[in-house]
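There are 4 protein chains.
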Amino acid sequence: MPTILGQNQYGKAENRVVKITRDGATHHIKDLNVSVALSGDMDEVHYSGSNAHVLPTDTTKNTVYAFAKEHGIESAEQFGIHLARHFVTSQEPITTARIRIEEYEWERIAASDANSRFIGADEVRHSFVRKGQETRVTQITYDGENWEVISGLKDLIVMNSTNSEFWGYVKDKYTTLQEAYDRILATQVSGRWRFNWTDDEQRMPNWEKSYEQTRKHMLQAFAETYSLSLQQTLYQMGSRIINNRSEIDEVRFSLPNKHHFLVDLEPFGLKNDNEVYYAADRPYGLIEATILRDGAEQLIPVDMTNL
Amino acid sequence: MPTILGQNQYGKAENRVVKITRDGATHHIKDLNVSVALSGDMDEVHYSGSNAHVLPTDTTKNTVYAFAKEHGIESAEQFGIHLARHFVTSQEPITTARIRIEEYEWERIAASDANSRFIGADEVRHSFVRKGQETRVTQITYDGENWEVISGLKDLIVMNSTNSEFWGYVKDKYTTLQEAYDRILATQVSGRWRFNWTDDEQRMPNWEKSYEQTRKHMLQAFAETYSLSLQQTLYQMGSRIINNRSEIDEVRFSLPNKHHFLVDLEPFGLKNDNEVYYAADRPYGLIEATILRDGAEQLIPVDMTNL
Amino acid sequence: MPTILGQNQYGKAENRVVKITRDGATHHIKDLNVSVALSGDMDEVHYSGSNAHVLPTDTTKNTVYAFAKEHGIESAEQFGIHLARHFVTSQEPITTARIRIEEYEWERIAASDANSRFIGADEVRHSFVRKGQETRVTQITYDGENWEVISGLKDLIVMNSTNSEFWGYVKDKYTTLQEAYDRILATQVSGRWRFNWTDDEQRMPNWEKSYEQTRKHMLQAFAETYSLSLQQTLYQMGSRIINNRSEIDEVRFSLPNKHHFLVDLEPFGLKNDNEVYYAADRPYGLIEATILRDGAEQLIPVDMTNL
Amino acid sequence: MPTILGQNQYGKAENRVVKITRDGATHHIKDLNVSVALSGDMDEVHYSGSNAHVLPTDTTKNTVYAFAKEHGIESAEQFGIHLARHFVTSQEPITTARIRIEEYEWERIAASDANSRFIGADEVRHSFVRKGQETRVTQITYDGENWEVISGLKDLIVMNSTNSEFWGYVKDKYTTLQEAYDRILATQVSGRWRFNWTDDEQRMPNWEKSYEQTRKHMLQAFAETYSLSLQQTLYQMGSRIINNRSEIDEVRFSLPNKHHFLVDLEPFGLKNDNEVYYAADRPYGLIEATILRDGAEQLIPVDMTNL
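Residue numbers (numbering that gives the first Met the number 0), protein chains in the order written: chain A, 0 to 306; chain B, 0 to 306; chain C, 0 to 306; chain D, 0 to 306.
Hints were generated in silico from the structure; no laboratory data involved.
What you are looking at is a predicted structure, and each value in this text was computed from that prediction instead of being measured.
Possibly wrong hints are sitting among the right ones.
Said to hold, decoys possible - List of simulated lysine-lysine pairs, DSBU-like, C-alpha gap at most 35 Å:
hint, chain 1, residue 1, chain 2, residue 2
1, B, 208, B, 68
2, B, 153, D, 257
3, D, 170, A, 68
To be verified - Just some of the chain C residues that point at chain B, by a computed CB distance under 10 Å:
hint, residue
4, 14
5, 19
6, 22
7, 54
8, 64
9, 251
Backbone N, C-alpha and C define an ideal beta-carbon position, used for all residues, glycine too.
Please build the complete structure, drawing on both the sequences and the hints.
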């Protein structure tokens, strides 16, 4: 046979599971999009079409919903760990499971004054509005021995309206850009961070608190860095995380430079004193980098932050 | 000539304008997407291609940016009023201008404790994160005499995890649905409301406060209605607005019923006690209606809430 | 009660139905996205939540699938007519039904030479690739007496690389645009045309042939018009349809002017002789108009072409 | 310093360049979306913000447009090779350049009969409609010595309406799926293939012919495989390419199983004889694999086919 099979994986992608937990009249939501990818001894299904080693993707879907009941959803990470362990330990041919999860956050709708007097509470406890800001993501990979947990977020749009410059760069025959000493810096953050928790003997991180703190440090670094380049801001965001979160060893960002161009108002006899900008769609600068704890291995794939 | 020209309009769509206002070290953002549509004596450009009556769409774009400087952007509505008046009053052939605006909200990034001590404030004043919840919209139409202002929002996703039933409906030979006595009710709100401000002699509403209050009443009505049908909830949302906001005479909603189906876990020996749901994409129920102040005219077009 | 109910409708939207017809070894596909909207005596479901007049949206979905079997899908228009008639005639409270359908076209995959010798045919007869060009659309409305059929297409992207000019326009203080004597003209066509078939006594058009011919005339008019404005091209596209298709009385187009800007290469010592263009996303000119057969009524809503 | 910089790259993404070539009255289009990513000695811009080694992303954009004039666009691959070589050889700090290109195909609009008589040709030679089927992609990477060219396509939707089965799979406690002996097999192909052309001394492939033939073999393998699993079909698609195209050593596919579920019409007294299907959106099976020429190295990243 002149051709051979290389890396392969399969599973059910984008299982949308919503879990409601009722604590008396107070309800809680977990709203996830779960994708399962399994790999192992799968040559025959590719070569001959024999499904003797194949747990159907429909079954992996059923397992997601059943586990939401059996284990609850404490966090996306914890839920993914339950799933990955199950597939690897219960199915002989499966040697590796990778679970990817997107999480959508909801916040409570505040009750009206009249209503809150009536129900003796300041919030209706079963009514929610989707927060709609970043999408939280995680990827759990398990090979039967070791865990790799990479979490992060995407689609978080941030802007500094000052404290950003860009000058002193290389000029070649195709360079026309003017240097800028006060520009808008805006980006749509896609970030991933890898935990150093890799085995069941270690104490597991508090996934929810870790996310909240990592996000906070990242945003503060963005806000507080006086920026000479988006690369510098990116590095500050990553190193702020590494320095403050001991559970994280590696961070990777993909930061599109969402250009805001100062509009030339002079033809209309007006002076644009850093006030009126045109927000451009395409093209955009795209700055990507990994930041590592000294001594840590680089494991987050180059392309992962753009998925 | 066997064919004639009917309704027509033209202009530049989706002008992305960002206005930064500096109040000392504290910056403010207005982030709009502005679309201009002009109509009037435009037969010749269609029949012969003569542009003698045509102000270029490029000029309407320039006007948007110039007006952001000349008039500022107090609110999307006020900005649209400036633009519409300008086109109708300054261009002889233009008899009607319609300005549509989307607005994206930003919130401030909270500073780190260390930083806030340093700058003596609890927020960095030029750093923002896009809120990312609903998109606020407005449409201003001016014919040289009268104004029509229709504002609203889209893409606001809400959910009640209980207090919703659906039963007592018509059954025909194609009906298989089981009645439900405790279901999730979720929708992605697209709403528009028409103001009764129509001429320059009237006192103009406070557009920003009106939006904030209308949104609040709408969300509270959603949360507080014990729902026997999504139509009933929709009507409560609309009438709550009419009853509380005297500046508004008409409301229209388009509410997709974002189905959350209870997953059947019995094959796995599990009982699903209103806990685990599958969030479906398509198809969805689609409930649309207009609610009017008694005596008001119905003017919001049927299709407008889906644009 | 200070508020009253205005226009309202409900139904199941985006029912994705695929119908395979087997003609021996040769298969045929119809691939539709069907949305049902019903209206009539529906006050109570809004006021009190009583569903006594409500045929569930789930039932309207079931009806779509059952009718695909019972009536087949000869054309999207004919299928919509079956559905609309059914809801209005079988449900006492329903007085009007509106069916909207998107259709996706598929073409056959050509077989390999070796295979075609073997099976004695030049095509594998059950293998298809989605054409992926325009989406065909139709809207059927029935009130128990009269029919309104509006068909069309969206997302058909066309370009003339020459034979387009733009000059002789109005200049005001905000005008900076240079006149153009040879430019690219490109647009993403959204078009709708209304048939003059309105009642069961009339001979019904051949919907498939009408679509094919209308599309052809529209494209030819686009290609063959030497354009002084996009409005002129639009008018030619519409009048060509009216003049060639007697079954159509009204056409409306929404044509975004997809700007292709000539890139200034002079800073690099290069001359750009109408060769290298930057294809812009936003903003775009937006040209919209209705063209009517003389004497016909204008019935296609202003906003419909943008849905 | 406790943190260090890992893999990093930067450049301008999504430069939309349209190149018109005039061959007398006959025009030709190349329509590309070009993304540049450069890497090399870039530590300082991350650590201190010094841009002394940074060619601005704006310059990389200018270079794309200038090269479209200077070198023309013979093929996306050839254009990417010109760009990658330029950045690596002309900028001391740049050691690697990666160019990603999407290409959109256009076809000619056929002229009307009347017109073709007039111009003595059967086609208007400057009028085009975007084909709108798959998007063709390529990625060129150059490190100053070796080339890696990975081409492919995405968003090509295909369907077999018969000749697909699925049975004989593993059943565990979460398995409810029924075996299928005649099902629809549909997928949205994302495929990438790596060329064994790696250095300037080798004869370069004919990129356009290679694409056309690779696509043809892939589609024929999809159509002609009697499928017992989507994995088997995927493997056939890949090995058909390897066996027929000597310039390609590695292929990777990501194939979502776009489920078409047979609708249960029995409650309505109807028999569904593989005629009426519901086309589902989410979840979907996702089958991914690499196929290699025996002895070839596996170099296409796992995640690349999903970008």
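Against the structure, the hints:
At roughly 23 Å between alpha-carbon atoms, residue 208 of chain B and residue 68 of chain B fall within 35 Å of each other, so this suggested pair holds. Between residue 153 of chain B and residue 257 of chain D, the direct Cα distance comes to roughly 30 Å. Compliance with the 35 Å bound is thereby established for this hinted pair. For the given pair, residue 170 of chain D sits about 21 Å from residue 68 of chain A by alpha-carbon distance, which is consistent with the 35 Å threshold. Hint status for residue 14 of chain C: holds, given a least beta-carbon distance of 5 Å to chain B, under 10 Å.
At its closest, the beta carbon of residue 19 of chain C sits 20 Å from a beta carbon of chain B; the interface hint therefore is violated under the 10 Å criterion. Taking 10 Å as the C-beta contact cut-off toward chain B, the hint placing residue 22 of chain C at the interface is violated, the least distance being around 28 Å. With its C-beta approaching chain B no nearer than about 5 Å, residue 54 of chain C sits inside the 10 Å limit, and its interface hint holds. Among the interface hints, the one on residue 64 of chain C holds; its C-beta lies about 9 Å from the nearest C-beta in chain B, closer than the 10 Å criterion.
Interface restraint check: residue 251 of chain C against chain B, minimum CB-CB distance 8 Å, threshold 10 Å, status holds.
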